[in-house]
Amino acid sequence: MAATLAMPSASAVTSAATSAVTSAATSAATSPFTSATPLLVLDQVTRRFGGLVAVDSVSTSVGEGELVGLIGPNGAGKTTLFNCISGVVPPSSGQVRWRGQPLAGMKPYQIARLGIGRTFQNLRIFPNMTVFDNVSVGAIGREPNRPWSTFAGGRAEAARISAVSEQVLEQVGLAAVAGELAANLSYGKRKMLEIARALAGRPQLLILDEPAAGLNDTETAELAAFIRRLRADGTTVLLVEHDMGLVMSICTRVVVLAFGRKIADDVPEAVKRNPQVIEAYLGTEEDA
Amino acid sequence: MARHLNRWLILALVVVLVGLSMANKSYLNQVAITTMIFIVLTASLNYVTGTAGLLSLGHAAFFGVGAYAAALLSTKAGWSFWFTLPAAGVITAAIGIVVALPTMRLVSIYFAVATLGIGEMLYVTMLNWVGLTRGPMGIRSIPAIELPGAKALGLSSTEVSMLAVALVMLASLWAMHRLSHSFYGNSLRALREDDACADAMGIDIARLKLEAFAVSCFFAGIAGALFAHTTGYISPESFRFGESILVLSMAVIGGLGSLYGSVIGAVVLSVLPEALRELGSFRMIVVGLVLFLSILFLPRGLLGEVSALDLVRRQLRRAPAAGGRRRW
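Those protein sequences? They're chains A and B, same order as listed.
According to the numbering used here, the first sequence is numbered sequentially starting from 208.
According to the numbering used here, the second sequence is numbered sequentially starting from 1270.
Just so you know, the hints here were simulated from the structure itself, not pulled from any lab data.
Where a beta carbon is used, it is the ideal one built from N, C-alpha and C, also for glycine.
Careful: at least some of the hints might be erroneous.
Far from chain B, some chain A residues (derived; all Cβ distances over 10 Å) [claimed, not checked]: (1) T244; (2) L259; (3) I347; (4) E387; (5) L422; (6) A428.
Partial list, computed: chain A residues near chain B (C-beta under 10 Å) [said to hold, decoys possible]: (7) G282; (8) S293; (9) Y316; (10) F333; (11) V344.
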């Protein structure tokens, strides 16, 4: 992370004007500002906990096919913003819209069924279930899942769940351990299992909460390649990360939060040169 | 390994049950009938507690609701067993839904405490609504089970009872097996493992909890109807908290989350006290010891998917965090 940040020289920091040129040149194809169909729109989202404003009037959008990174130092409000999107915590004010439809008052499962898949920051797999059964839960969430379908008329549903689960296990490379108890997997594999479970819900938008946390360099590189492939296959990804390295290397656009406010929203090259971002991460030059 | 264990244990069980049923002593026959009823009851508790992870401490009361429904329908309305049986299941499920609706919003250990309260409420109702239930005097002369054509085959009434109970038990076990060994069952397990996470995967957990509870109550009611028609007499004393704990012990010894385990746990804890009858009142000490040792050395029971202690511990740990999530 430090290496990435060290890159912008002092001159680059002072001449922020050059960033605009760079961004225009490098992001012609994936410009955040010309996104034709925004999937997810955050409109002045604010979340207060008592006197603390965890998220302060954040507005941004995620367009179809984008790979957006949401970064910020510890306590910047990333997870709270994430929870506002996934319905775990309602925004105090402001609106989250999915394809133009406000998500206010919807429960997490309803939001998931719209096509927003997620993973968790602290691994939350189902340890006493097999790898296959874990993944199947993601697919079950998109089906009616009525008890009587286990007696009559549920064959097509079960076949769909099986097919999706097997295909996703193949995709993430866990097919060989499908019958293992999830608790017996290595940490890296459990992380992939969590992503697989979210993918089994066939999300149009996949929100990954700190997927690189706890992974070593090799695993992180594999994860980066995997996320790139996901995007190539047409999944829009919102990557919430604490670590800038991964985000800067794969994202098409980066949103930076600090103290609950959005301080930058641009292509990675521009964000790297943004003085406010550098200050938020490293402190001011005097401090350093 | 576990697969083979299943097969051998089930085989041993069938031998025990058939042996008891073939024995030419009505006492042993009665033990076989009671054991089969407890198998259904334990399996129904395992469905909601072992598979769906909702710790229920008032299950005997729902067993009682089924027993009273069947007893009253047959003694007052003159219905035959084959009509009171499904009616008892449906009535118990309905009452289960009504009383559980407000508790479904509670999480983990609070839910367990609420079911304890519900169980006591139902017990006190059975005891004090004398106009309907005759209170502590109980209901007597409940007609026995009748099978068409039994007379022609020369079956005694005990044999008819055993046959009918065995049939209903097998059908109930089959139904619960279908429900729990399916993708629907996987969604129940997800509920047990991490309900907030299941929610985020698109599973309507409030609906699923209610369904799990209703199904469990339905089969508890079925077991109750079997009990009423085979003993001929019921009173509130059979449906107290202690019975709930006994049934929970059966599920725990067999292994939470395992249908086979429930069958084994029910047989062990039904037959053991009878086998130890010569020890007099000391026999319950042996039963308690079996439970204690099984928790100590077999935390997952014989065949369980989850450790009973883990399940409770996890619920206790999750309780304060979940308290902050008041949206549903």
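For each hint, the structure was consulted:
1. T244: The assertion about T244 of chain A holds, with a minimum of 23 Å to chain B.
2. L259: Non-interface label on L259 of chain A holds, nearest chain B Cβ at 14 Å vs cutoff 10 Å.
3. I347: Its Cβ does come within 10 Å of chain B, the nearest being 5 Å, so this is violated.
4. E387: Check passes; 14 Å lies beyond 10 Å.
5. L422: 20 Å, holds
6. A428: The claim holds: A428 of chain A sits with its nearest Cβ about 28 Å from chain B, beyond 10 Å.
7. G282: Not OK, violated: G282 of chain A not within 10 Å of chain B, min 18 Å.
8. S293: Where the cut-off is 10 Å and the nearest Cβ of chain B is about 6 Å from S293 of chain A, the hint holds.
9. Y316: 5 Å, holds
10. F333: 4 Å, holds
11. V344: 4 Å, holds
Hint compliance for this structure: hints 3 and 7 are broken, all remaining hints hold.
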